[in-house]
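Student: Okay, here's what each chain looks like letter by letter:
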Amino acid sequence: MIPRTKQFKKELPQHLKNRVMRENIARAAWLSVQKRNERVAEIPEWEELREKASRIKREVIEHLWENLDIFQENAGKRGIEVFRAADAAEANRLAEDIARKHGIKRIAKSKSMLTEEIGFNDYMQEKGLEVVETDLGEYIIQLAGEAPSHLTAPALHKSRREIGRLFQEKLNVPYSENPEELTALARQVLREKFLAADMGVTGANFGIIESGQIVVVENEGNARMCAALPNVHLAFIGIERLIPRVYDLDLFLTLLCRSATGQKITSFVSLINGPRPPHAYDGPEKVYYILVDNRRSSFLQDEQLKQALYCIRCGACYNVCPVYQNIGGHAYGWVYQGPIGAVITPQLLGLPEAKDLPFASSLCGACSETCPVKIPLHRLLLYQRRRIVEESLSAGVEKAAFKVFAALARSPKLFAAPGRWIGRLQRLLPLQLRAPGWSKSRELPQPAKQTFREWWGKDADGVIHGR
Amino acid sequence: MAGDARSGGLFEEFQRELKKLGGEARAVESAKLGEEVSRCLSGEKAERIVGYLSPYLAALKIEQIFREIHRGEVEWLPAARPAHFDMAAHRRRLAEADLAVTSADFLLARTATAVFSLKHHPSGLLTLLPPSLLVIAPAERLLADFPALQAIFDRSGEDRESNLVFFTGPSRTADIEKTLVLGVHGPKKLTVLVVDVELNG
Numbered sequence: 018m019i020p021r022t023k024q025f026k027k028e029l030p031q032h033l034k035n036r037v038m039r040e041n042i043a044r045a046a047w048l049s050v051q052k053r054n055e056r057v058a059e060i061p062e063w064e065e066l067r068e069k070a071s072r073i074k075r076e077v078i079e080h081l082w083e084n085l086d087i088f089q090e091n092a093g094k095r096g097i098e099v100f101r102a103a104d105a106a107e108a109n110r111l112a113e114d115i116a117r118k119h120g121i122k123r124i125a126k127s128k129s130m131l132t133e134e135i136g137f138n139d140y141m142q143e144k145g146l147e148v149v150e151t152d153l154g155e156y157i158i159q160l161a162g163e164a165p166s167h168l169t170a171p172a173l174h175k176s177r178r179e180i181g182r183l184f185q186e187k188l189n190v191p192y193s194e195n196p197e198e199l200t201a202l203a204r205q206v207l208r209e210k211f212l213a214a215d216m217g218v219t220g221a222n223f224g225i226i227e228s229g230q231i232v233v234v235e236n237e238g239n240a241r242m243c244a245a246l247p248n249v250h251l252a253f254i255g256i257e258r259l260i261p262r263v264y265d266l267d268l269f270l271t272l273l274c275r276s277a278t279g280q281k282i283t284s285f286v287s288l289i290n291g292p293r294p295p296h297a298y299d300g301p302e303k304v305y306y307i308l309v310d311n312r313r314s315s316f317l318q319d320e321q322l323k324q325a326l327y328c329i330r331c332g333a334c335y336n337v338c339p340v341y342q343n344i345g346g347h348a349y350g351w352v353y354q355g356p357i358g359a360v361i362t363p364q365l366l367g368l369p370e371a372k373d374l375p376f377a378s379s380l381c382g383a384c385s386e387t388c389p390v391k392i393p394l395h396r397l398l399l400y401q402r403r404r405i406v407e408e409s410l411s412a413g414v415e416k417a418a419f420k421v422f423a424a425l426a427r428s429p430k431l432f433a434a435p436g437r438w439i440g441r442l443q444r445l446l447p448l449q450l451r452a453p454g455w456s457k458s459r460e461l462p463q464p465a466k467q468t469f470r471e472w473w474g475k476d477a478d479g480v481i482h483g484r
Numbered sequence: 032m033a034g035d036a037r038s039g040g041l042f043e044e045f046q047r048e049l050k051k052l053g054g055e056a057r058a059v060e061s062a063k064l065g066e067e068v069s070r071c072l073s074g075e076k077a078e079r080i081v082g083y084l085s086p087y088l089a090a091l092k093i094e095q096i097f098r099e100i101h102r103g104e105v106e107w108l109p110a111a112r113p114a115h116f117d118m119a120a121h122r123r124r125l126a127e128a129d130l131a132v133t134s135a136d137f138l139l140a141r142t143a144t145a146v147f148s149l150k151h152h153p154s155g156l157l158t159l160l161p162p163s164l165l166v167i168a169p170a171e172r173l174l175a176d177f178p179a180l181q182a183i184f185d186r187s188g189e190d191r192e193s194n195l196v197f198f199t200g201p202s203r204t205a206d207i208e209k210t211l212v213l214g215v216h217g218p219k220k221l222t223v224l225v226v227d228v229e230l231n232g
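As they're listed, the protein sequences go chains A and B.
Residue numbering for the first sequence follows the working numbering, starting at 18 and increasing by one per position.
Residue numbering for the second sequence follows the working numbering, starting at 32 and increasing by one per position.
Keep in mind the hints are simulated off the structure, nothing from the lab.
Small disclaimer: the values here were computed from a predicted structure and weren't measured.
Just so you know, even glycine gets a beta-carbon here, dropped at the ideal spot from N, CA and C.
FRET-style restraints, in silico, Cβ to Cβ: (1) B:H151 x A:D114: 27 to 37 Å; (2) A:E98 x B:A175: 36 to 46 Å; (3) B:A110 x A:D319: 52 to 62 Å; (4) A:E198 x B:K51: 23 to 33 Å; (5) B:H151 x A:R117: 33 to 43 Å.
Can you make the complete structure from the sequences, with help from the hints?
Tutor: Okay, structure coming up:
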């Protein structure tokens, strides 16, 4: 996916004007938050679970390279071939090599943010291979030629009428806006795609270090089909997705499912085990993992940003974020959106590419409160802001203004002086000129008749004591 | 653990949780299994049936039960896979079947989860492709939750690293305007028969 993060500020008004999208997003986010809160309330020890998960992830990330070696070795013992990719280009090239080796033509794929990140679909399609998204939401946006607008609900921004018209046009079927009918139709079309596919591609919610297995968490059954139906299964795994033990799943599934979709557990949780054993009736003959770095290791060198690697991609921080609720996922301009996106995108793409994203936050802290693995998201947003300022990426005017402010704020006398005349000056200006830009979408309050210092200096009789 | 006095309470919890998810669980006596299966089949179009003849289902004489109540053909996958086996045909058959019948390794009451291990259930697609799934499991396999399952794995020492599938309620999606729809890729209908539950009272 080609990032549009540089155009963030410029394109923002057009997203804000999209009323249908905003209503869809706000409604869906609100529903998700409610369901999540109900499920969390059922667990009195929720805070301890968050703490425990955060600690486990910290331990894994602190020793990531050793853990990756062990994971890879254990996967190898299961007959899984494991590759490591330093970046997106290498990951795609490795996948292409695997596809060529097995004479693959058609690929059935389940939802994976990592494959969006590396641009897998476009790459494979350019090489003449068919890639079909099989998650219903992903299939909808693939038909529409759009990008996902949420971590767990990619077609969140689309209404049933839009989807009905899309199916009518692209699949040549009678119009319907009944979700049941639309889903049945997708099942039928995608079932044939599944049976024709010679390779299945999935992501991985977790990689289990002690066993070399991966875990796929889903509700539709399509990811399991991608892993079990075609002869070759290829899984893309972000290097940070590891957890130590099979038994840690109880904890992480509790946190993930309740946070992501407000479920106790999703319909399907599959532990992928490797190639088909001799006694099995079905399953893939070959299983490949591609472990993708793509700048994740750069987080490891930064004590603060390291914590962003704990993320289990539940999307709960999107749902509670007042900025996300208003601008929607597409406004962020790339794969990862909401608060976690605003933290990691500047690192994954480079600071200059996404320097506006960390400022798209009210710093209310709802994200940090919600995060099931206790990533201090709003603090990391502040941290990214500081780095952007330090790297001199913020606007020159803004920097000059803050320099002047810093000089004034250091001296009580200098600080008091402008207070007296700024308010008076403001009252003389027409409203629009008082704070250009800022007052475009807000109303500037009338300045008070007297300054705080003037008021403080008066005694009960209203007499000003000179200073 | 057979006849465990607690199985009644666990069953009720399993049943309640599965109902919330759109599935159905019933307690059944092994002697009356035929009647119950017959009732399950009467409510739906189940012409093409594929089943897995696990040692447990074989002991329940499931083949005979289906012969008595179902006129159409039922294809039973033997516990041991035949050496010569047409995989493409097997996939196609499962994709076209109306109903799959199998047993589960464990049932977890707290979440209404059926646990299948590939070691004991050598067809992963059986529980996935047909639109309706009938699971028959003994009450002694009913556990409270994941930690209870861990305790059993610790005793057996090997299963936890098997290809495990946790299957909780029918396949579902809410991708269109957050409206819940069952059966998008996997089974739309899920029935679990728990055999010889010690019911309270």
